[in-house]
Amino acid sequence: MQEEQVKLLGLWFSPFVRRVEWALKFKGIEYEYVEEDLTNKSSLLLTSNPVHKKVPVLLHNGNPIVESLVIIEYIDENWKQNPILPQDPHERAKARFWANFIEQKITEAMRTALVTQGEQQEKVVKELKEAMEVLEGEAAAKLNDKTLFFGGKNGLGYVDIVLGWICNWVEVIEEVGGFKVLDPQKQPHIHKWMANFVEVPLIKPTLLPKEKMVVCFQMVRQAHLGLAAKK
Amino acid sequence: MAESEIKLLGAWPSPFVMRARIALNIKSIDYEFHQEKLGSKSQLLLESNPVYKKIPVLIHDQKPICESLIIVQYVDEAWSSGPSILPSDPYDRAIARFWAAYIDDKWFPSLSGLAKAQGEEAKKAAMDQVREGFLLLEEAFGKCSKGKDFFGGDRIGYLDIALGCFLGWLRVSEKMNGVKLLDAAKTPGLAGWADKFCGDDAVKDVMPETDKLTEFAKILFQAKANAPPPAN
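Read top to bottom, the protein sequences are chains A and B. To get my numbering, take the position in the first sequence, counting from 1, and add 5. The letter at position 151 of the second sequence is residue 137 when you use my numbering, and the numbering goes up by one with no holes.
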């Protein structure tokens, strides 16, 4: 049988890369991890993702797939064991809807809040709080003592893998950016979900120490604010 | 006959609604179209899409599905016996999804950016962005179509729908700015594709005529200009 060659180009501090790693581990897929250098992007990265020049890039038998959500669906469709998305078309549509919501309203907004300040940041933080409220509503509706994850009775699913980054990154970005969005009083169901997520055996060893991330993201914030000041 | 099990909440000028309609047409699905009024949202819309309160919304067996590309994938998966909308191979599917995301995240904002641009310089910058996007999409068309008529091959598919739905508004932008954005000289593949797409059976009845859309655009921009600033 032909051996599958799976390679992942990544950055240790990227939540988009981490998601893909979780998906690969969830499926029990062996892969080679290659750490990229943003200041010196490899030719493999540049030829594999000429449009965006970003990680993650999954290379399957040499064929590149990019964009974390696209990669996760590819992994799910190509390797049938341990399904990530539900089987039922309507449930799939709901899972994709929430993954999309998380990406547009939370992930992108967090990125903006990290690299802005003053009024610009305030506006984004306000929108973030509203988005977290909506997500809390969905968590309250879906999760309970028997259903710990959005994947339902199958345990982890697509939405969990897409949202999971908040467990390791949001506190870091809040500290570096000087704002607060997470609130255990306002988002009790999300906080319970986070506490359960970080204990999942495949997730726990992948979590990084906060201090290391804070240093890294402080540099990202300074670099962006410095660029903005020059304009 | 029982009340229609399939409803689509939408509006005729919306390219996103068109995506859903084309998908339903490909599968020959009968549905009830509920035209939303400009400037107001029906109770059904607010109940079916409480998160975004936007069209399109597909309601199937009383269950709502929201977001145009999610609806297209749902239609493909729920009516799996009809002609396929997404490619069958997982890698081809990933490529189609990648370019659809590019269209929504990068290319379409450049087209709507053109409509919002104030002044000659801003307009030119926006037009350049649209054209640059077309160059990338021309290359994608070459790779995906493999010499056939559509991104999907012999028949229109996911990526055709994702891009083709904007052709009406593209032509309005070209007309109102007196420019060519989709240039047959620079992007011959896409130019040929555009004509074939608009003539496709699943598309031609739901693609609005450029004149009608231009009139609508004028009303829309006038309404936006006249509207009081939104209260926060």
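Keep in mind the hints are simulated off the structure, nothing from the lab. It is possible that some hints are incorrect.
Lysine to any residue pairs mimicking SDA-like chemistry, simulated, CA-CA at most 25 angstroms apart [to be verified]:
#, chain 1, residue 1, chain 2, residue 2
1, A, LYS85, B, GLU33
2, A, LYS46, B, GLY25
3, A, LYS32, B, ASP78
4, B, LYS39, A, PRO94
5, B, LYS49, A, LYS197
6, A, LYS32, B, GLU160
7, A, LYS128, B, LYS(-7)
8, B, LYS49, A, LYS46
9, B, LYS40, A, LYS12
10, A, LYS110, B, ASP78
11, B, LYS102, A, VAL139
12, B, LYS92, A, LYS30
13, A, LYS147, A, LYS217
14, B, LYS(-7), A, HIS95
15, A, LYS59, B, ARG117
16, B, LYS40, A, GLN190
17, A, LYS158, B, ASP91
18, A, LYS85, B, LYS134
19, A, LYS85, B, ALA103
20, B, LYS49, A, VAL56
21, B, LYS92, A, GLY142
22, A, LYS32, B, PRO69
23, A, LYS12, B, LYS(-7)
24, B, LYS92, A, LYS147
25, B, LYS13, A, LEU90
26, A, LYS134, B, LYS13
27, A, LYS30, B, ASP78
28, B, LYS102, A, LYS85
29, B, LYS40, A, ILE107
30, A, LYS59, B, ASP91
31, B, LYS134, A, THR117
Computed beta-carbon distance windows for the label pairs [unchecked claim]:
#, chain 1, residue 1, chain 2, residue 2, range
32, A, GLU135, B, SER67, 51 to 59 angstroms
33, B, SER14, A, GLY183, 19 to 27 angstroms
34, A, GLU113, B, ASN212, 25 to 33 angstroms
Just so you have them, the derived chain B footprint on chain A, three or more residues with Cβ under 8 angstroms [unchecked claim]:
#, segment
35, 65 to 72
36, 84 to 98
37, 102 to 114
38, 165 to 172
Backbone N, C-alpha and C define an ideal beta-carbon position, used for all residues, glycine too.
May I ask which of the numbered hints given earlier this structure violates, with the numbers listed in increasing order?
-> 1, 2, 5, 6, 7, 8, 9, 10, 11, 12, 13, 16, 17, 18, 19, 20, 21, 22, 23, 24, 26, 28, 31, 32, 33, 38
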